[in-house]
Amino acid sequence: MKSFFKSFFAALLAMIVFTTLIFGFFFFLFGSLASSTEKTTTIGSNAVLVLDLSKEFREQDMEDPFEEFADSDVEHTPALLDMVQMVNYAAKDDQVKGIYIKCGSNGNSMAASEELRQALLNFKKSKKFIYAYSETIAQSAYYVAAVADKIYCHPQGGLEWSGFSANLLFFKGTLEKLEIEPQIFYAGKFKSATEPFREYKMTDANKVQTLAFLNDMYGRFLQAAADGRKMDTAILRKLAVTGVVQSAHDAVKYQLIDGVKYDDEVKTALSNKLKLDNERINFVSFADYAKAVSYNPYSGTDKIALVYADGDIVDGKSEDDRVIASDRFRTLLRKIRLDDGIKAVVFRVNSPGGSALASDVIWREITLIKKKKPVIVSMGDYAASGGYYIACAADSVFANPSTLTGSIGVFGIIPNMQAFLKNKLGITGDGVKTAPYADMGSIDRPLTEMEKRFVQNSIDSIYHTFKTRVAGGRKLSVEYVDSIAQGRVWTGAAATKIGLVDRNGTLQDAIASAAKMAKTSSYQIRTYPDKINVFDQIFKSFQQNTKAKAIREEIGEDQYKLLKEWKKVQEMVGVTQARLPYNIQLRF
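In my numbering, the protein residues as written are 2 to 589.
Don't read these hints as lab results, they were simulated from the structure.
Treat the numbers as computed from the prediction; the structure is a model and nothing was measured.
Cβ atoms here follow ideal geometry from the backbone N, Cα and C, with glycine treated the same way.
Just so you know, not all the hints are guaranteed correct.
[What the hints assert, rightly or not] As a list, the in silico DSS-like pairs of lysine-lysine whose alpha-carbon atoms are at most 30 Å apart:
| id | residue 1 | residue 2 |
| --- | --- | --- |
| 1 | K128 | K98 |
| 2 | K178 | K453 |
| 3 | K128 | K56 |
| 4 | K336 | K520 |
| 5 | K262 | K56 |
| 6 | K262 | K151 |
| 7 | K371 | K520 |
| 8 | K423 | K453 |
| 9 | K56 | K274 |
| 10 | K208 | K173 |
| 11 | K517 | K304 |
| 12 | K498 | K371 |
| 13 | K202 | K173 |
| 14 | K304 | K93 |
| 15 | K304 | K520 |
| 16 | K476 | K304 |
| 17 | K292 | K125 |
| 18 | K98 | K274 |
| 19 | K517 | K344 |
| 20 | K372 | K304 |
[What the hints assert, rightly or not] Derived CB-CB ranges, DEER-like:
| id | residue 1 | residue 2 | range |
| --- | --- | --- | --- |
| 21 | T243 | D150 | 22 to 30 Å |
| 22 | T269 | R331 | 53 to 61 Å |
| 23 | D150 | K178 | 53 to 61 Å |
| 24 | S522 | K125 | 22 to 30 Å |
| 25 | T269 | R335 | 53 to 61 Å |
| 26 | G500 | N424 | 49 to 57 Å |
| 27 | K318 | N273 | 56 to 64 Å |
| 28 | K318 | L122 | 41 to 49 Å |
| 29 | N273 | T521 | 42 to 50 Å |
| 30 | H250 | V479 | 52 to 60 Å |
| 31 | T466 | E136 | 47 to 55 Å |
| 32 | N424 | H250 | 55 to 63 Å |
| 33 | K336 | N273 | 50 to 58 Å |
Throw the hints in and build the complete structure from the sequences for me.
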């Protein structure tokens, strides 16, 4: 009995201490969060906003609950629309004298970069300056930095000027070594999502479509550089073909940048521009600028819903907020449809696709909303395959010129792992069934010819439905849609010419169009989905970051990237996938 009470009181004491620590932690957490919201941020005079292109400006703001406790150098990264709105606001803000671009690398796609570029071009109309500098400058960053009045580089650094490329890894040889038969089905000759598992290299059709959109994007890159540097695109193209730009001094020689300078020399140039006399330059990050000003231009009475569909499209429910789960979006879109206070919907699609069934569920809700209020689609980096499926029913479709869209096609993969299980692991399978096809799709045996016919028929049927949805939404014939479908990927610029997209424009353009269709000039923006609550943010952020960090440390960064690729391969297993044709490595 004595030992019982000893153990009991020890456990009770431990529980009290643990509870006290937990309450103490949350008291400290919420106290810190509360105090942080009470802080007033001011930017002062002669402010120079700092645009760090290495940061990824995501579609929807995802605040990190641990941000307040992070290293002082780590700042919250605003969402893409917030960045655009702040640049537009800064053009009219007398306290802001210019923008300083850190252009070493670019954490954003070319489509997102186009929205940033457009905002910066609008900013220049205010006659305020834009300077850009880095020790080394990547092409992708130069695409944005080319708008600058002055571009400088470190004397021992350099500017990448080598053209664009697209590379794809093929796993067919790996699967053969493992004795795994992927059993692939697809509709559309350009639907090359399954190529890595059925080919050793890119098919001719895939090379044609990839080179077409790559040339389209590269042409836009060269035109942007030509406009910024007052040069001819043919000369710029020749510089890449001949490979003569190998150093920062070469970049100066060929007028791609304005000079080579060390960091302190760039700061001196900025000081002279600001006419400062031994004063520190008032650099202000966009994170701090967001806290200091009210930059949201939408403050009217009517409501326009801005719905972010960002990520892979998946069936049912998902705890992952980085995917488009059909159950969640069906409920969300239905709520918006029934809300008479919402006058129009802007559907921001940034998705390479996913489940064909989930896409159809979301497509249905869009068609129902359209009967009651205008629906405008704005495409982000991708709105391809399933991403286009959920977009095609809108009243009007906007895309950035470098958005990747189309990819109207379907595929399915059902792996046969019989030989792998038996020969590599010594595992065999057996069972009983009440009908010939009861175990269809089992991984421990190959499909019969009849079963293969069933699967292909299903693929063809879904493909026909997909084309019908597009034809109805875009007011085109099914025959014409078939001619531009076949799984082919198009840029946003090309898609406008063939009728898949109505207009090239930014998210702000789409919002303005929605307001016009809703016949309102006084409106506010209500964004969906809602952000997850602070508790979920804390635990999800901690869990995801801890897990990812542990895996990275264990297997290394390169192997971690390969692991992520393999996980995406696993996600492609299924019968009805409407997904972008490949997880291609695009270098620009």
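Ascending list of hint numbers which this structure does not respect: none
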